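Novice: Taken in order, these protein sequences are the chains called U and R.
The first sequence runs contiguously to residue 113 in my numbering.
The second sequence runs contiguously to residue 229 in my numbering.
Note that these hints are calculated values from the structure, not bench results.
It is possible that some hints are incorrect.
[Unchecked claim] Result set (DSS-like, lysine-lysine): computed pairs, CA atoms no more than 30 Å apart in a straight line: (1) R:K167 with R:K154; (2) R:K154 with U:K112; (3) U:K61 with R:K157; (4) R:K154 with U:K68; (5) R:K154 with U:K61; (6) U:K108 with R:K154; (7) U:K49 with R:K154; (8) R:K167 with R:K191; (9) U:K68 with R:K157.
Here the structure is a predicted model, which means the values were calculated and not measured.
These are the residues of each chain, in order.
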Amino acid sequence: AQSVTQPDIHITVSEGASLELRCNYSYGATPYLFWYVQSPGQGLQLLLKYFSGDTLVQGIKGFEAEFKRSQSSFNLRKPSVHWSDAAEYFCAVGEDSNYQLIWGAGTKLIIKP
Amino acid sequence: EAGVTQFPSHSVIEKGQTVTLRCDPISGHDNLYWYRRVMGKEIKFLLHFVKESKQDESGMPNNRFLAERTGGTYSTLKVQPAELEDSGVYFCASSQYRGLGSTEAFFGQGTRLTVV
Numbered sequence: 001a002q003s004v005t006q007p008d009i010h011i012t013v014s015e016g017a018s019l020e021l022r023c024n025y026s027y028g029a030t031p032y033l034f035w036y037v038q039s040p041g042q043g044l045q046l047l048l049k050y051f052s053g054d055t056l057v058q059g060i061k062g063f064e065a066e067f068k069r070s071q072s073s074f075n076l077r078k079p080s081v082h083w084s085d086a087a088e089y090f091c092a093v094g095e096d097s098n099y100q101l102i103w104g105a106g107t108k109l110i111i112k113p
Numbered sequence: 114e115a116g117v118t119q120f121p122s123h124s125v126i127e128k129g130q131t132v133t134l135r136c137d138p139i140s141g142h143d144n145l146y147w148y149r150r151v152m153g154k155e156i157k158f159l160l161h162f163v164k165e166s167k168q169d170e171s172g173m174p175n176n177r178f179l180a181e182r183t184g185g186t187y188s189t190l191k192v193q194p195a196e197l198e199d200s201g202v203y204f205c206a207s208s209q210y211r212g213l214g215s216t217e218a219f220f221g222q223g224t225r226l227t228v229v
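Please model the complete structure; the sequences and the hints are all you need to start from.
Specialist: Below is the structure:
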């Protein structure tokens, strides 16, 4: 069955520290991979996406993600987090035909001052 | 340009009542999607409109849910009668085209529905 796993429900990091959020997927076809962020009171915002090509993808707000086919992973990273990065992060996977995405359960990022 | 707008932002209703959620997509976006996130779980696809037509409603949980998209503009999602398990956050998204590689879907802020 197709699925997306975000193993960490919550992650707490200190401001200025590096961040890695994990995402593993199970998907039959070549996946389209996404990371979205939801800040308090806001809608879901696209951080970055991977379709093909370079497996290291740059996104907005200084985030990047690396697609590793052998590990079925698409982990999100940021070298130095800011207090404004506190939010919930969602990994999602789909195929080209439409936005009927399969989502992970989300990871809440808490920033310590 | 206005983004995707959802009304209301919060709704608390009693079990057995009816609630109607509304989504106004970005102007010119033919594709409209509804998703739901039950508390603490993953976001799940409900259905997809192309203009006024339901393209895929395979994610609708049961016949208590009715979605419409009048004239291919705004969409409504009615829950009648509401049950406790319907509580969650309902998201709407719109995109100009269908393909993931050729377009981006923009999401509303969601409607938090609480059934008591």
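Novice: With reference to the structure, classify each hint as holding or not holding.
Specialist: Evaluation of the provided hints:
1. R:K167 with R:K154: Holds, at roughly 25 Å.
2. R:K154 with U:K112: holds, 25 Å
3. U:K61 with R:K157: holds, 26 Å
4. R:K154 with U:K68: holds, 25 Å
5. R:K154 with U:K61: It holds: about 26 Å lies between the C-alpha atoms, which stays within 30 Å.
6. U:K108 with R:K154: Answer holds: K108 of chain U to K154 of chain R is near 12 Å, not above 30 Å.
7. U:K49 with R:K154: This hinted pair holds, its Cα atoms lying about 22 Å apart.
8. R:K167 with R:K191: The hint holds at about 15 Å.
9. U:K68 with R:K157: Holds: K68 of chain U and K157 of chain R sit about 25 Å apart, inside 30 Å.
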